[in-house]
Amino acid sequence: PYIGDFMVTWLWGGFSVNNATLNRFYSFHFIMPFIVLFLVILHLMFLHEMGSSNPMGLNSNYNKIPFNPYYSIKDTIGFIMLISLLILICLLNPYMLSDPENFCKANPMITPVHIQPEWYFLFAYAILRSIP
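The UniProt record's numbering numbers the first residue of the sequence shown as 1 and each following residue consecutively.
It should be emphasised that the hints constitute simulated quantities derived from the structure, not laboratory data.
Note that the structure is predicted; figures quoted are calculated from it, not measured.
Any given hint might turn out to be false.
Claimed, not checked - Estimated spans, in silico, between C-beta atoms of each pair: (1) 39 to 16: 32 to 38 Å; (2) 28 to 106: 48 to 54 Å; (3) 48 to 9: 40 to 46 Å; (4) 34 to 106: 40 to 46 Å; (5) 28 to 129: 53 to 59 Å; (6) 99 to 9: 40 to 46 Å; (7) 26 to 83: 32 to 38 Å; (8) 110 to 18: 25 to 31 Å; (9) 118 to 28: 25 to 31 Å; (10) 69 to 26: 33 to 39 Å.
Note that beta-carbon positions come from the ideal geometry of N, C-alpha and C, so glycine has one too.
Can you build the whole structure from these sequences, using the hints too?
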């Protein structure tokens, strides 16, 4: 309550959303991936230098499996199988995942009765419809 109004005003750059707000959020949106990439590289460097701690307290190399080639081959085979399945679906039945209303003839003078967004936007559409 005490600091909230100050933070909103500072974040927005004024008392309402305006050009300064858009510039700040666009800059944040552009710079943030580089910051995350830098932190990931820093984390991997420290992990490579110092090694990972073991919560079990075991330092035996007996149960360790090397990442390469075992997990690399497993992940590559899984990736190839997934991409092959998606290509197979797209080539054999390209209209399987599309909306049936896409095949109706377009008429700019008549609005369709049942308009709804694609399936990946339905959660946002439900939220929008629930607000009066």
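Status of the hints after comparison with the structure:
Under the hint 32 to 38 Å, the C-beta atoms of residue 39 and residue 16, about 33 Å apart, fit the expected range. Look at residue 28 against residue 106: about 40 Å separates their beta carbons, and that is not inside 48 to 54 Å. Hint check: residue 48 to residue 9, Cβ distance near 44 Å, so the stated range 40 to 46 Å holds. A C-beta distance of roughly 43 Å is found between residue 34 and residue 106, which places it inside the suggested range of 40 to 46 Å.
In this structure the supplied range 53 to 59 Å is violated for residue 28 paired with residue 129, their Cβ-Cβ distance being about 30 Å. The hinted range of 40 to 46 Å is satisfied by residue 99 and residue 9, whose Cβ atoms lie roughly 44 Å apart. Between residue 26 and residue 83, the C-beta spacing of about 34 Å keeps the proposed range 32 to 38 Å intact. As the Cβ distance of residue 110 to residue 18 is approximately 40 Å, the hint placing it in 25 to 31 Å is violated.
Between residue 118 and residue 28 the beta carbons are some 28 Å apart, a value that agrees with the proposed interval 25 to 31 Å. A hinted range of 33 to 39 Å for the beta carbons of residue 69 and residue 26 is inconsistent with their spacing of about 44 Å.
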